[in-house]
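Taken in order, these protein sequences are the chains called A and B. In this text, residue positions in the first sequence follow the working numbering: the first is 1, and each later residue adds one. In this text, residue positions in the second sequence follow the working numbering: the first is 1, and each later residue adds one.
Simulated from the structure, these hints should not be mistaken for laboratory data. Note that CB positions come from ideal geometry on N, CA and C, so glycine has one too. A couple of the hints might just be wrong.
Said to hold, decoys possible - Quick list of the computed label-pair ranges, beta carbon to beta carbon:
(1) A:R236 - B:G156: 22 to 32 Å
(2) B:S235 - A:L212: 48 to 58 Å
(3) B:E35 - A:K50: 46 to 56 Å
(4) B:T126 - A:A219: 32 to 42 Å
(5) A:L30 - B:R216: 41 to 51 Å
(6) B:N221 - A:S118: 45 to 55 Å
Claimed, not checked - Negatives, chain B to chain A, calculated, CB over 12 Å:
(7) D31
(8) D38
(9) A62
(10) R64
(11) A71
(12) P114
(13) R131
(14) V150
(15) E200
(16) R217
There are 2 protein chains.
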Amino acid sequence: MRYELYYWTGIQGRGEYVRLALEDAGADYLDVARERGDDAIMAFLGGEEKGALPFAPPFLKAGRLVIAQTANILAYLGPRLGLVPEGEAAEIYAQQLQLTIADFVVEIHDTHHPIAASQYYSQQRTAARKRTEAFRKERLPKFLDYFEHVLERGNGRQALARHSYVDLSLFQLVSGLDYAFPSAMRRMQRRIPRLRALAERIADRPNIAAYLASPRRIAFNEDGIFRHYAELDPSR
Amino acid sequence: MRYELYYWTGIQGRGEYVRLALEDAGADYLDVARERGDDAIMAFLGGEEKGALPFAPPFLKAGRLVIAQTANILAYLGPRLGLVPEGEAAEIYAQQLQLTIADFVVEIHDTHHPIAASQYYSQQRTAARKRTEAFRKERLPKFLDYFEHVLERGNGRQALARHSYVDLSLFQLVSGLDYAFPSAMRRMQRRIPRLRALAERIADRPNIAAYLASPRRIAFNEDGIFRHYAELDPSR
Numbered sequence: 001m002r003y004e005l006y007y008w009t010g011i012q013g014r015g016e017y018v019r020l021a022l023e024d025a026g027a028d029y030l031d032v033a034r035e036r037g038d039d040a041i042m043a044f045l046g047g048e049e050k051g052a053l054p055f056a057p058p059f060l061k062a063g064r065l066v067i068a069q070t071a072n073i074l075a076y077l078g079p080r081l082g083l084v085p086e087g088e089a090a091e092i093y094a095q096q097l098q099l100t101i102a103d104f105v106v107e108i109h110d111t112h113h114p115i116a117a118s119q120y121y122s123q124q125r126t127a128a129r130k131r132t133e134a135f136r137k138e139r140l141p142k143f144l145d146y147f148e149h150v151l152e153r154g155n156g157r158q159a160l161a162r163h164s165y166v167d168l169s170l171f172q173l174v175s176g177l178d179y180a181f182p183s184a185m186r187r188m189q190r191r192i193p194r195l196r197a198l199a200e201r202i203a204d205r206p207n208i209a210a211y212l213a214s215p216r217r218i219a220f221n222e223d224g225i226f227r228h229y230a231e232l233d234p235s236r
Numbered sequence: 001m002r003y004e005l006y007y008w009t010g011i012q013g014r015g016e017y018v019r020l021a022l023e024d025a026g027a028d029y030l031d032v033a034r035e036r037g038d039d040a041i042m043a044f045l046g047g048e049e050k051g052a053l054p055f056a057p058p059f060l061k062a063g064r065l066v067i068a069q070t071a072n073i074l075a076y077l078g079p080r081l082g083l084v085p086e087g088e089a090a091e092i093y094a095q096q097l098q099l100t101i102a103d104f105v106v107e108i109h110d111t112h113h114p115i116a117a118s119q120y121y122s123q124q125r126t127a128a129r130k131r132t133e134a135f136r137k138e139r140l141p142k143f144l145d146y147f148e149h150v151l152e153r154g155n156g157r158q159a160l161a162r163h164s165y166v167d168l169s170l171f172q173l174v175s176g177l178d179y180a181f182p183s184a185m186r187r188m189q190r191r192i193p194r195l196r197a198l199a200e201r202i203a204d205r206p207n208i209a210a211y212l213a214s215p216r217r218i219a220f221n222e223d224g225i226f227r228h229y230a231e232l233d234p235s236r
């Protein structure tokens, strides 16, 4: 089956978690908006297309199914791409972890947009500085400690009994945080040895390494979720 | 099976979406922290209990399974409690809608806590006023219009082909928004006839009516997600 991924062009955003799964598995997929433009997305959001009504991208077309919400897409793809261990308990736990990653991603986004996504960063810098300070001190360590604990409870190296879409998403999380908050992440370095080792192993997987080196991987930038603003990442 | 629900005492919070499903289905369940105190929750968060590691409540114990993340719990309970139409496509769409409700709930929470959940509302009132203004003007109409469209595309009265956990959650959403933003919701009244009718029908379901009239239903309050602060809901 050829999957169709619908996501905004120009940013990694939430589409990236799906891309990493498709790329790692060597799945056949079309990144629709990058081929045909963002109008292809708008037709679904406006209800002009059949099937499930998405609130926002990413969404995946798989045959006649339209599936939105990042974690929901991964729950669907997991067993089909061999990216989740077999069995209901593993699938449920993988999804729980993915949803916790999604919660973290919202908090990361809101560091630079605490007031409104519709306004520019420059319009909410004061609030962004306050929110990011609390994020660096409280939320970043809390989430990273949690995922480190998850790896410890998994098989010590991976979140679940074997490789899964959760590990791919943890790689993306660590990569994005390194880009956005290099100083804060340096200070966290010793607390997250398992996450660090996992991120390195994922980057070295042949299909992921090839993807990261290809033009299909969009670079991190200041339109995406992970943004680097020096004033939000003081050196101490 | 007797389900065990773990959620903080004193607020409806995200636990309420699970409670409404259990109550509507007449399921046998124990609301653990309300019987035994919050320590029962802490043991799971600290990793002292077996099974999946939750980042936060709510989580559900179902036999040996521990399931966290509200939408994930409902995905598990849906087929077991008869709260989702049969078939993979319906289950996936229900979950997509529930996750969009979850996204909306985060935005509702952050109206009064745009800077840090760890700080009091009084410490972030200036940012809260700005965030809530954008929420009332942009996000509230966008999400409510979307869910109204979902009902129109469902069977006209319900989100899916028949009653589901999504409808129960939409009831909770409308109830909470009526509590927190009565003025803004009055202005939205004519735009959401289907959501209004759905919320009334859900409130009249015998098990839900009995639950809402019981001491098991915690009242909305200013410790929860839906908070009423008059300054955040101007009359025009």
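Problem set entry | Contradicted hints - numbers only | When the structure is compared with the hints, numbers 1, 6, 9, 10, 11, 12, 13 and 14 turn out to be violated.
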